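Spelled out from the first residue to the last, the chains are:
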Amino acid sequence: MNIPTIDVSTVPGLASAQGLFGSITQASASYDDSVVLVMVYVYDVLPPEAVG
Amino acid sequence: MKVHPAIAALRRSPASVRSDHADSQINLEHVRLEWLATDAVRSVADDLALYARGHSIGQCPALRELMDSHATASVFVDSLCQDVIRALSEQMLGEAPFRFRVSHGLATLQLLTFQGATLSLAAYEPLGVGSNPSETALFCDRAVDEIVIAGQAKARHHAIMAEGMVKSDTIELRPGDTLGLRPLIEMREIVDVERSLVILQLTREPDRPRPTREVDLQTGAILRIASGDKSASQSVMALSVLGALKSYGALDVMERTALNAEENLEVRWEAVRQTLGLGAVRGVAVLQSLAKRADDPLRQPAANLLNQVLTAQPDLSRLFKEPM
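Chains A and V, in that order, give the protein sequences. Heads up: take any position in the first sequence, counting from 1, add 140, and you land on the working numbering. Heads up: take any position in the second sequence, counting from 1, add 1430, and you land on the working numbering.
Simulated from the structure, these hints should not be mistaken for lab results. There may be inaccurate statements among the hints.
Just the calculated beta-carbon pair ranges, DEER-fashion [claimed, not checked]:
#1 V/ALA1742 to A/GLY159: 24 to 32 Å
#2 V/GLY1558 to A/PRO152: 43 to 51 Å
#3 V/SER1509 to A/PRO152: 49 to 57 Å
Every value quoted in this text rests on a predicted model; they were computed, and no experiment measured them. Note that beta-carbon positions come from the ideal geometry of N, C-alpha and C, so glycine has one too.
Let the sequences and hints guide you as you build the complete structure.
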């Protein structure tokens, strides 16, 4: 007997399925402030020689 | 592609120049630490921790004073901005040492954060174009308190009423104005900025925020729903990536996640789906286990899916002796 497989794309979501976090924004709004998105700051504190 | 000469120099630069850059950034970091160490900021930070743990603003005197008094809020913000601006003016490539976000006409700096509570500074710039009134509004599971530091703008306040309709009011925001927005039923949108609007914003989110809803302002109908829980959405994404990569080593975690009644429902169901995809036999076993649980909200969806899978796959059906 073959080991059966199931294609994930055929498995339905929940009836109460919702979008991922941040997937809806207020399209008509003047400012995009409805969702607090990941806020990241990156700065190069170490000169490359000091790394590794 | 245009590259600023200062950036180009930095890219070409020997370590010594990069090191100068790093020193300037460290100076900015010092500015931040000095600001954090001032008495005014420490009292607010202590209160923010209390607020995050569930105290009301009224129980947090320093925070209440900050969010009520224009004079106090202005001094609080000025004490930071003046030093940061001075440090930035000395270092062209310096970055404000705070988490920040910049989008069209809006800049946000996250000043202090403790668990779900965050104090931010937001600046809305005039866009110079007329805007049409919004037809929908987003209601998030986030309590918001705001005080206008500077500027002037027209805004709208939307509140979901008891009968499900939305009440919308136009408001004019001026320095010293305060707003308090309850989670999921109130929101405000900035419509038209006349003079750059600077707002100090205090927000609080629960550990597991409930979904965000987009509501039609005319009818009150819910148009779309999205997760309000960022970490749950990250888990859903992680599960689907593991599934797509055929990470069989993750099957144990997927199975545990699917069966963990404490876990977010969307995350659990994604774990069910990916377990089925990676190992149909184990997935069916998970479905059977869920379908037998009396109080589990996944009981019915699992029973339905089990029925569907076993009907479509006679081989699987033969593996599981239990009649369905």
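Right, here's what the structure says about each hint:
no. : hint                              : in the structure
1   : V/ALA1742 to A/GLY159: 24 to 32 Å : 28 Å, holds
2   : V/GLY1558 to A/PRO152: 43 to 51 Å : 47 Å, holds
3   : V/SER1509 to A/PRO152: 49 to 57 Å : 55 Å, holds
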